[in-house]
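*Asks:* Here is how the chains run, residue by residue.
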Amino acid sequence: MTRAMTTKKMTRVQQLTRRVMSLASVLVAGTVVHSPRVADACSVCTAGRDEENQLAFLLSTIGMSLMPLVAIGTLVFVLWRRIQKLEVETAAGREPGRLNEHTPRA
Amino acid sequence: MDSHSNPIHLISEERGEPRVMSNGVLGMSLFILTEIMLFSGMISAFSIVRASSAIWPPPDQPRLPVEETALNTAALFLSGLLLYWAQQRFKTDRASARTPLVASIALGTFFILFQGWEWASMLAQGLTITSSTLGAFFYLIVGTHAIHAIVAIGLLISTWRRLERGWLQPSQLATTALFWYFVVGAWPVVYWRVYL
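Chains as they are written, first to last, in my numbering: chain A, 1 to 106; chain B, 1 to 196.
In isolation and in its complexed conformation, chain B is listed as follows:
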């Protein structure tokens, strides 16, 4: 291979599109890098506070619903897999990507609604953001993740609407999917550190 005699062009001359990575995917990747650091900082602070406590979790606070949240985690994982499947289907037949994409959105919405129900139940049992360090970190970390999940679902719905109208480009789907994969990938770490 002699790249000097046959130089590569990172931008397509005919279409003017990036050939290596779309602008959307690159921008989303950089955004996700900052988000990784945000979550790392919060989980790191939580780990130190947890290790500093003589008794953890605080004895006067309700226990977090580990089993129920495991079910919710499975739903989120399945949502990520369905989105991946939708991406694969989109490569061969756009219309066939509709069903897995809608199913992925539905499972993501289920995840958020379940989190809302869990929060309501925790608040009713006395775990508030000011009741203990457990409550403060729980609502901070899980809430930050939930905000990301809600935004990602909004993007997925926008993607689905573009698909329905025939405007969806592969790079747009890849950008949205990347953000959803981040939401799916960050959750097991949150679950492991906060719930277990």
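This is chain A alone, in the form it adopts within the complex:
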């Protein structure tokens, strides 16, 4: 009888614990969802204070991210174009010209 009551109490404690854990999970999830405004508050910069500042950060990030890609891409494109031109000259049986395509007079 006593053992049965103890088991019943344990089950209630477990149920209560589960409810508390569920509630805590909801609270944590809610806090995470609603906390980004707090996360914006950076101690070393003024980001998020106004629209112009946010725009400056956004454009700088985009610019700095794309800059190396564009620069290296341009160099690769120039090399590819020159190799293509060399291939055409080679296929045509011509002796490919020197760099800058000329032989200066002395």
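If you're looking for bench data, these hints aren't it; they were derived computationally from the structure. Please note that the accuracy of each hint is not assured.
Unchecked claim - Heads up, simulated SDA-like pairs for lysine to any residue below, C-alpha to C-alpha not over 20 Å straight-line: (1) K85/A <-> S22/B; (2) K91/B <-> G24/B; (3) K85/A <-> S171/B; (4) K91/B <-> R82/A; (5) K9/A <-> R19/A; (6) K85/A <-> N23/B; (7) K85/A <-> W160/B; (8) K91/B <-> W160/B; (9) K91/B <-> R165/B; (10) K85/A <-> V20/B; (11) K91/B <-> M21/B; (12) K85/A <-> P18/B; (13) K85/A <-> R165/B; (14) K85/A <-> L26/B.
Unchecked claim - Which residues of chain A face chain B? A few of them, derived with a C-beta cut under 10 Å, are: (15) E52; (16) A71; (17) V78; (18) L79; (19) R82; (20) L86.
Just so it is clear, CB atoms sit at the ideal spot from N, CA and C, and this is done for glycine as well.
Fit chain B to the given chain A structure using the hints.
*Replies:* Relative to the frame of chain A, chain B by itself:
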């Protein structure tokens, strides 16, 4: 075109020279890529600081000479065009490239001297590297560009001396010109972001 039956040679077998891009131009291109990132970083930081300020430029600081620097910008552009012309002339007649090359060097030197005069005038008016964020960024960004311009003028003078002695190779001229084009091309961005 069948490149398998007729393979291309990136290095000339007779002369041993690169056919696609000279080593100097390739090395300078890679160096310029790093320089682009350097200037991008500085201008990006300046833009954010500028956007963060409630009042810009700082009210107690002197105004930058926008009109005078526009004239200097035109001189730098003209210098770049003259160097391009010198490169074109060099392809047909080496001797005829001398005049535009010297004119390009002269205009580049004028640009640097004008910048020096502008700095002296700004310092006299109270804009120093520690007086405000405007002064700090102004001397940092414009000074970095000026250092590049001075080095590029040194390279142009070396190129001119090689031309005078008949030692100048097309790839050497192309390498130096590429660096000067970078100096010329970076300036409008600096002028737009810092002065305007």
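*Asks:* Work down the list of hints and note, for each, if the structure agrees.
*Replies:* A quick look at each hint next to the structure:
1. K85/A <-> S22/B: Status holds; Cα separation ~15 Å.
2. K91/B <-> G24/B: The given pair, whose Cα atoms are some 18 Å apart, holds under the 20 Å limit.
3. K85/A <-> S171/B: holds (18 Å)
4. K91/B <-> R82/A: holds (18 Å)
5. K9/A <-> R19/A: This hinted pair holds, its Cα atoms lying about 15 Å apart.
6. K85/A <-> N23/B: Satisfied, since the Cα-Cα distance of roughly 18 Å is no more than 20 Å.
7. K85/A <-> W160/B: This hinted pair is violated, its Cα atoms lying about 31 Å apart.
8. K91/B <-> W160/B: Distance ~15 Å between K91/B and W160/B Cα, so the pair holds.
9. K91/B <-> R165/B: holds (17 Å)
10. K85/A <-> V20/B: holds (9 Å)
11. K91/B <-> M21/B: holds (16 Å)
12. K85/A <-> P18/B: This hinted pair holds, its Cα atoms lying about 14 Å apart.
13. K85/A <-> R165/B: Measuring from Cα to Cα gives roughly 33 Å; hence the hint is violated.
14. K85/A <-> L26/B: holds (17 Å)
15. E52: Status holds, d = 5 Å.
16. A71: holds (5 Å)
17. V78: holds (8 Å)
18. L79: holds (6 Å)
19. R82: holds (5 Å)
20. L86: holds (5 Å)
Violation of the numbered hints given earlier is confined to hints 7, 13; the remaining hints are satisfied by the structure.
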